[in-house]
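**Q** Read off the chains here:
4 protein chains.
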Amino acid sequence: MATDQPVIKVAILGASGYTAAELIRLLLRHPNAEIVAMTTHQDAEKNLSEVHPALTGRLGLRLERLAADELIGRGVQCAFACLPHGKSMVALPHLLDRGLRAVDLSADYRLTDPNLYAQWYGESHSDLAHLAQAVYGLPELYGEELPTATLVANPGCYPQGAILGLAPLLAGNLIDPTSIIIDSKSGVTGAGRTPTTATHFPECNESIGAYSVGRHRHTPEIEQALTAIAGTSVEVLFTPHLVPMDRGILSTIYVTSSRRPAQDKLLELYRDFYHDTPFVRVVEHLPATKHTLYTNFVDVTVRIVRNRIIVFAALDNLVRGASGAAVQNFNRMYGFEETRALM
Amino acid sequence: MATDQPVIKVAILGASGYTAAELIRLLLRHPNAEIVAMTTHQDAEKNLSEVHPALTGRLGLRLERLAADELIGRGVQCAFACLPHGKSMVALPHLLDRGLRAVDLSADYRLTDPNLYAQWYGESHSDLAHLAQAVYGLPELYGEELPTATLVANPGCYPQGAILGLAPLLAGNLIDPTSIIIDSKSGVTGAGRTPTTATHFPECNESIGAYSVGRHRHTPEIEQALTAIAGTSVEVLFTPHLVPMDRGILSTIYVTSSRRPAQDKLLELYRDFYHDTPFVRVVEHLPATKHTLYTNFVDVTVRIVRNRIIVFAALDNLVRGASGAAVQNFNRMYGFEETRALM
Amino acid sequence: MATDQPVIKVAILGASGYTAAELIRLLLRHPNAEIVAMTTHQDAEKNLSEVHPALTGRLGLRLERLAADELIGRGVQCAFACLPHGKSMVALPHLLDRGLRAVDLSADYRLTDPNLYAQWYGESHSDLAHLAQAVYGLPELYGEELPTATLVANPGCYPQGAILGLAPLLAGNLIDPTSIIIDSKSGVTGAGRTPTTATHFPECNESIGAYSVGRHRHTPEIEQALTAIAGTSVEVLFTPHLVPMDRGILSTIYVTSSRRPAQDKLLELYRDFYHDTPFVRVVEHLPATKHTLYTNFVDVTVRIVRNRIIVFAALDNLVRGASGAAVQNFNRMYGFEETRALM
Amino acid sequence: MATDQPVIKVAILGASGYTAAELIRLLLRHPNAEIVAMTTHQDAEKNLSEVHPALTGRLGLRLERLAADELIGRGVQCAFACLPHGKSMVALPHLLDRGLRAVDLSADYRLTDPNLYAQWYGESHSDLAHLAQAVYGLPELYGEELPTATLVANPGCYPQGAILGLAPLLAGNLIDPTSIIIDSKSGVTGAGRTPTTATHFPECNESIGAYSVGRHRHTPEIEQALTAIAGTSVEVLFTPHLVPMDRGILSTIYVTSSRRPAQDKLLELYRDFYHDTPFVRVVEHLPATKHTLYTNFVDVTVRIVRNRIIVFAALDNLVRGASGAAVQNFNRMYGFEETRALM
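Chains as they are written, first to last, in my numbering: chain H, 4 to 346; chain D, 4 to 346; chain U, 4 to 346; chain B, 4 to 346.
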């Protein structure tokens, strides 16, 4: 087991949130990663156990306010940015310019068109140079670009299920690219760790509702990826819902097809498409998010009902939808086994 | 308050389940209803508190195995059937033939076409005579038939949100009747009170998944009602999901329109359509099921996104989706104020 | 039904929180109460539906910032204060001095000893005059003082279960008054509506933990009431826990007894003690909070295990633990049937 | 990392339940364990993914009905019994007599006194020979017996928190051994995977209640262990509660002490006692079960309130309370690092 492989010194930027906690948990299990720094805006000088009690005793490091030089001084080779959007594009350039590699879990480097970024995120992109080099970190689709990538834009939680669920159909030119409706249901960790009325327990518990209808920021990210796969412009109707559970995203995706494929042929298509990938499981049963809880799997199936195709994709938004994908990207970047620390 | 109005003697047939408990709770608050009998298959001779601990001390009646004659001997005037489908059409004919009126909460009298019943429920309909007389008990649409109805088929929980959500659009001939996709999310009481693996707490808690895709029995019921409203054949794609909460159904309904209506015009249309109804609330915010919890309200709104119309309809499946609607029907049947016992 | 009884004009002070919403819901069902004003600090000029979407369409009043004179100008006869502690003793004196009656749901008038108030709430009591007149509003114990009370201090949610659970034992001098351990488990609405880290869904969902160990402010309230019942100084060990559910408190109470009573005798004692009360249900089964959900009941039972007595008391913290008790007090104050609007 | 260490061939007996699924998940991560057989009563010839969809694609073995000879024929060296109580003592003797070692997750070999077993489990113990040799598998207390143990009785979920929480106090002779009250709160997986009314989602969700008061079978197991530690007879009052969450046990333990220790001294005592153990975390904050979710940790703290000591112990009932402890025992039995596959 890889005893002659290197150990990469990594830093977690923005270590206070849920994706950071999940990432630390996974990296502590990784034989080729050593966390040497954790930065924070609001929790400086706190112990990890104060910020994340679940990680008590796991790592003898404090959260710190650290400048780029200090991170470099510690020998950091790879930075994982768990920062809010708008912050990564401020923090990462200094590190990238000094030779570090980075996996950015924010949205800052996902949209290749900076105008789209400005339109959906409400501010101009301030790091066009690195934006142009960023690789969209969906390993099943862009795996070959990862070994040489300097900056990896880790995909959003909703986009992962939507893109992986639709890729075989669009790549096979099987569906009408203007017919796509993505009805997604997410657990509450997807909303982050900052308390709000919407995520206050008695408001969202025992309830389901839609939010950000027609204006969720993952929409252009999904369309960008699907357009690239289809080779033609794809527009989607994306409706996210908040479900009273901690983790998990189920996307129920409706598309129309003029080709009238048979269901077993479709499943075969999916199995072929994901044949060499360890984390996309093409299943015959209807996937529930619970089947993927605390794993890096995306469970996908497909049904034909009354001339429409319905795709179901389930995943854990904190593992596969964020930190697990980040580790998967890290493994690909450094040539480690793709599943390391993730099974 | 109605002191000169009659008190109707009612029986609850099949008093062991969730809809029965909810109905008893509501009727105990009703000044014009007196529960004089509760029948049961499995819990005969038990006290109400043994079967429904929440109702301890509320009603000094036992659950009993009672024949039609015994119910008539007690002076029952109106029977509420909370029986499984297939059982109502066996139990109710004897009572209806002896002059009782009935509200049936099962599916037995909802589909006017007995072939459709046979096809979806797997057995022939055995009471065609009463089926022909049954009124579909959606008071907002069929309210005028209720005062003279002998037998009211209380609508299914999913159909109520779907039908009330789509009625203004179809009545106004505003949408393509073949474009309808209904993505519904339901709490677990919708699955009834019998323990199963799917509803075992650790299986469905912290999870969301679809079920009965393409074959849920509420599909023909929805189509029958929508076809009647549209005046043309309507087909829907209906996908139910199980959400980890007790009560509540949210239906997210996607339709296409060639007419390109404006959103404010649509809301106005909805407000006009439901102007005189006390229980359909046309709201501007996105409704969450929690807003309707333990009430008889259906909260509806509509959004236009990229040339598609999305309708959101939220309700409590045990109140509005079952027992509340039954009481609303009862009120209409006997001329009581529509909201009695329901506010 | 009470057609000749008066209708009392009431105001809700502090209408933004959960207890206010519950109170409004109950009072809208009350034939002898008319809500004529709702005050607020943070939500002035908002419609009720903006603050409490569940109450959409129920009441055509806005939330307002209103001075005492304005409330009096509207003819308010009774004020329900749903204010944070420390605010009621500022707002109520002006109203009480002008002849209004009040039910205070805050803690301000519960502790008769102002030193105890200062010690546990961290500030001096500023309204000793009315404090001296306040009646502790636990109707089962102080019901006879309520018809003449001007100011009723509505009890805390935890104290109600603890006091009602222990009263028969202490009144009967059956237990060691220094042996009492109260292990309580509460739903999250008990923590109020202001978002905090502790009540952020992903923090408290799927988890149980204790909080405020040894320093919860309901401790002196419980001891004051139990001491009055016992006629001797009572000290309790009170440990509250946060349970991932919206509503409900279960108190598991451990006491020792030198008298060795038999369990059936104890149940008989409890039944006798609560014989004339409509809301305390002495049950034989182990009560779960769900049996009391959305009701004003307190379900109590008692078990003897290895020479210790265990009392179980379950209630809905928003109804019985707050707003339901307030309406019960209101009914007693004005001579209405005790159960009105509460069944 | 142990490349020269052996790989032990293991079998899972009774592979259909939750503890089996958790055990398989952990063992698949263990470099020194190879699952070569999974037996079942009800799911014979099913694929693992049919029984545990979460494990889809993880292991290419079917569940089978296998006799002892067949297990031995496969080279099984160690059997993990995830069987109901009463079944392990039938299945294991054949394997033990043929030289296998075993970790039994049922209750069959936990109570050293067969009379106690008969009394609490309602049947005579049928394997006294192996019962006499069984080691109680709580590694923090009996770790030194494990390397030579043939049969390890994996402790119950409740006992682990209770025993580890009380051991330092009893070993230090600091408390009154007759004063112990254990108020425990458990998630629903603790009740197993068979659907029942009590564990039907709409029955236990949004509710908390006690069960098996005074007669839970973990009582004698706790007392046996505590008596051994104290060197004197210990009796406990143990009250379990069902909490609406999947996993987690919090035990709130009340004891009296004549010694009046200081809180910081107590924490120091705990830290010393568990100094060399990797899985008991003595914390200063109040532990919530969520801090231990999906881990093998037991988080313990202690508070002094009004001359009583309160101990809080939190753990994940499926990991630490069952399958994680089993792997920890396995590691000790075979000389692997204690934390292997568990971090």
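Check the hints yourself; a few may be wrong.
No copy labels: a pair is met if it fits in one copy or bridges any two.
Said to hold, decoys possible - DMTMM-like, lysine to aspartate or glutamate: derived pairs with alpha carbons at most 25 Å apart:
no., residue 1, residue 2
1, K90, E48
2, K49, D267
3, K49, E287
4, K12, E53
5, K268, E341
6, K90, D279
7, K49, E271
8, K268, E53
9, K49, E341
10, K12, E148
11, K12, E238
12, K268, D7
These are calculated hints, taken from the structure and not from any lab test.
It should be emphasised that the depicted structure is a prediction, and the values quoted were computed from it without experimental measurement.
**Q** Against each hint, give a clear statement of whether it holds in the structure.
**A** Hint-by-hint comparison with the structure:
no.: 1; hint: K90 x E48; result: within (20 Å within a copy, 37 Å between copies)
no.: 2; hint: K49 x D267; result: between (55 Å within a copy, 21 Å between copies)
no.: 3; hint: K49 x E287; result: between (47 Å within a copy, 15 Å between copies)
no.: 4; hint: K12 x E53; result: within (24 Å within a copy, 41 Å between copies)
no.: 5; hint: K268 x E341; result: neither (28 Å within a copy, 48 Å between copies)
no.: 6; hint: K90 x D279; result: neither (35 Å within a copy, 42 Å between copies)
no.: 7; hint: K49 x E271; result: between (52 Å within a copy, 22 Å between copies)
no.: 8; hint: K268 x E53; result: between (52 Å within a copy, 22 Å between copies)
no.: 9; hint: K49 x E341; result: neither (33 Å within a copy, 29 Å between copies)
no.: 10; hint: K12 x E148; result: within (22 Å within a copy, 40 Å between copies)
no.: 11; hint: K12 x E238; result: neither (41 Å within a copy, 53 Å between copies)
no.: 12; hint: K268 x D7; result: neither (44 Å within a copy, 46 Å between copies)
The structure shown violates the earlier hints numbered 5, 6, 9, 11, 12.
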